[in-house]
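Colleague: Sequence:
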Amino acid sequence: MSGVPAWARTLDTTFGSPLPGRYRAAPEDFIVEEQLDFTPEAHGEHLWLYIEKRNQTTLEVVKQLARRCDATPKDIGYSGMKDRVAITQQWLSVHLPGRDAPVDLTERLAVVDVRVLAQARHPRKLKRGVHRTNRFTLRLSGEAVDSGDVIARWEALCAQGVANYFGPQRFGLGGRNLARAEAVLARGWRKRDDRQGMLLSSARSFLFNELLSARINASHWNTPLAGDTLMLDGTQSVFRTDEVDPTLKARAEALDIHPTGVLWGVGYTPDESPAQRFEAGLAERHPVLCDGLSRSGVKPARRALRMRLGEPDLTVEAGNVVLTFSLPRGSFATAVLGELIAHPDFAGG
Numbered sequence: 001m002s003g004v005p006a007w008a009r010t011l012d013t014t015f016g017s018p019l020p021g022r023y024r025a026a027p028e029d030f031i032v033e034e035q036l037d038f039t040p041e042a043h044g045e046h047l048w049l050y051i052e053k054r055n056q057t058t059l060e061v062v063k064q065l066a067r068r069c070d071a072t073p074k075d076i077g078y079s080g081m082k083d084r085v086a087i088t089q090q091w092l093s094v095h096l097p098g099r100d101a102p103v104d105l106t107e108r109l110a111v112v113d114v115r116v117l118a119q120a121r122h123p124r125k126l127k128r129g130v131h132r133t134n135r136f137t138l139r140l141s142g143e144a145v146d147s148g149d150v151i152a153r154w155e156a157l158c159a160q161g162v163a164n165y166f167g168p169q170r171f172g173l174g175g176r177n178l179a180r181a182e183a184v185l186a187r188g189w190r191k192r193d194d195r196q197g198m199l200l201s202s203a204r205s206f207l208f209n210e211l212l213s214a215r216i217n218a219s220h221w222n223t224p225l226a227g228d229t230l231m232l233d234g235t236q237s238v239f240r241t242d243e244v245d246p247t248l249k250a251r252a253e254a255l256d257i258h259p260t261g262v263l264w265g266v267g268y269t270p271d272e273s274p275a276q277r278f279e280a281g282l283a284e285r286h287p288v289l290c291d292g293l294s295r296s297g298v299k300p301a302r303r304a305l306r307m308r309l310g311e312p313d314l315t316v317e318a319g320n321v322v323l324t325f326s327l328p329r330g331s332f333a334t335a336v337l338g339e340l341i342a343h344p345d346f347a348g349g
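Those letters in the sequence shown? Residues 1 to 349, per UniProt numbering, in order.
Note that these hints are calculated values from the structure, not bench results. Some hints here could point you the wrong way.
To be verified - Dumping the calculated DSSO-like pairs for lysine-lysine here, alpha-carbon to alpha-carbon at most 30 angstroms: (1) Lys63 with Lys127; (2) Lys249 with Lys63; (3) Lys82 with Lys127; (4) Lys127 with Lys74.
What the hints assert, rightly or not - FRET-style restraints, in silico, Cβ to Cβ: (5) Lys63 with Thr14: 44 to 52 angstroms; (6) Asp291 with Val111: 46 to 54 angstroms; (7) Glu284 with Glu52: 45 to 53 angstroms; (8) Gly281 with Glu107: 30 to 38 angstroms; (9) Ser147 with Gly281: 16 to 24 angstroms; (10) Arg187 with Cys158: 18 to 26 angstroms; (11) Gly234 with Gly281: 46 to 54 angstroms; (12) Arg54 with Thr269: 40 to 48 angstroms; (13) Arg329 with Glu143: 26 to 34 angstroms; (14) Gly234 with Asn55: 39 to 47 angstroms; (15) Asp245 with Arg115: 26 to 34 angstroms.
Yeah, the Cβ is synthetic: ideal placement off N, Cα and C, and Gly gets one too.
Required output: the full structure, derived from the provided sequences and hints.
Modeller: This is the structure:
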């Protein structure tokens, strides 16, 4: 398998292909704020830090924090991986049983361009995926902005929602992670070949994107079909429907519920319902990935095919468009940008 395809966009039938645009010309053009739905309890063995980093990865900051607290990277917790070329704010935790953090920890981190914005103790380590949303502030420029094309597209996304694609970073440069995943799954996945589960994640993400693209092409990505598992907006609560009535259609149109797609895993076998026939098509087109995932031990899960933009806003500043919006955890701002501008990052191939 070489590279990744250019998956279908939802707005092309209305607006045509997006015009060229630029984003993330500098870290200041891509700002991310991680948002929890709870606060640390102010006591416990773990020190939680709300930090701001610039032009570095989350794992780079983890190593810096461990070094300055005389801890190991395994002692550090984080909820999500944040972009490198960006200014991002997120929570980290460090296990400090029976001891305080260095009194000059804030100053030590500032040396490596990490600002401590808040800190508090908590009884437990910060776990992956516990944050509620990410809030984005993105600055766009280029032909798409100069022509006003991006504004009309943005208004459409606010009304209809956004296709919940996994971003290109999930597949590695040139799709290398996906090629490696196919090779590992073909011979049988082993933990020692993929200790962090990155290759499993890449394969499942690719299959999900293939499914979503197929449903977009069939005009069924944002409307329920018989056999769909539907997800309540803003939650992980799901329910199956074997019959689509006017009430369900109205709720989907109001962005209250979203169709979901499978994240392939052990024991998953699609049935003959209209919705799951799309999923059966994955096994026909990508048998190596589906069979390998079925034998890997990973459990099947569901992911919404659509995401709603939270508190969306658009302003024009000095010839640039500035967008602000929130997305659920696990969703990618690149999925939004790929509908608004043409850029090599979203070209596929």
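Colleague: It remains to establish, for every hint, whether it holds in the given structure.
Modeller: Hint check results:
1. Lys63 with Lys127: Holds, because 17 angstroms separates the two Cα atoms, which is no more than 30 angstroms.
2. Lys249 with Lys63: violated, 48 angstroms
3. Lys82 with Lys127: holds, 15 angstroms
4. Lys127 with Lys74: holds, 12 angstroms
5. Lys63 with Thr14: 44 to 52 angstroms: holds, 46 angstroms
6. Asp291 with Val111: 46 to 54 angstroms: holds, 50 angstroms
7. Glu284 with Glu52: 45 to 53 angstroms: holds, 47 angstroms
8. Gly281 with Glu107: 30 to 38 angstroms: Cβ of Gly281 to Cβ of Glu107: about 56 angstroms, so the range 30 to 38 angstroms is violated.
9. Ser147 with Gly281: 16 to 24 angstroms: violated, 37 angstroms
10. Arg187 with Cys158: 18 to 26 angstroms: violated, 46 angstroms
11. Gly234 with Gly281: 46 to 54 angstroms: violated, 29 angstroms
12. Arg54 with Thr269: 40 to 48 angstroms: For Thr269 against Arg54, whose Cβ atoms are near 47 angstroms apart, the range 40 to 48 angstroms holds.
13. Arg329 with Glu143: 26 to 34 angstroms: Cβ of Arg329 to Cβ of Glu143: about 33 angstroms, so the range 26 to 34 angstroms holds.
14. Gly234 with Asn55: 39 to 47 angstroms: Violated, at about 32 angstroms.
15. Asp245 with Arg115: 26 to 34 angstroms: Given about 52 angstroms between the Cβ atoms, the range is violated.
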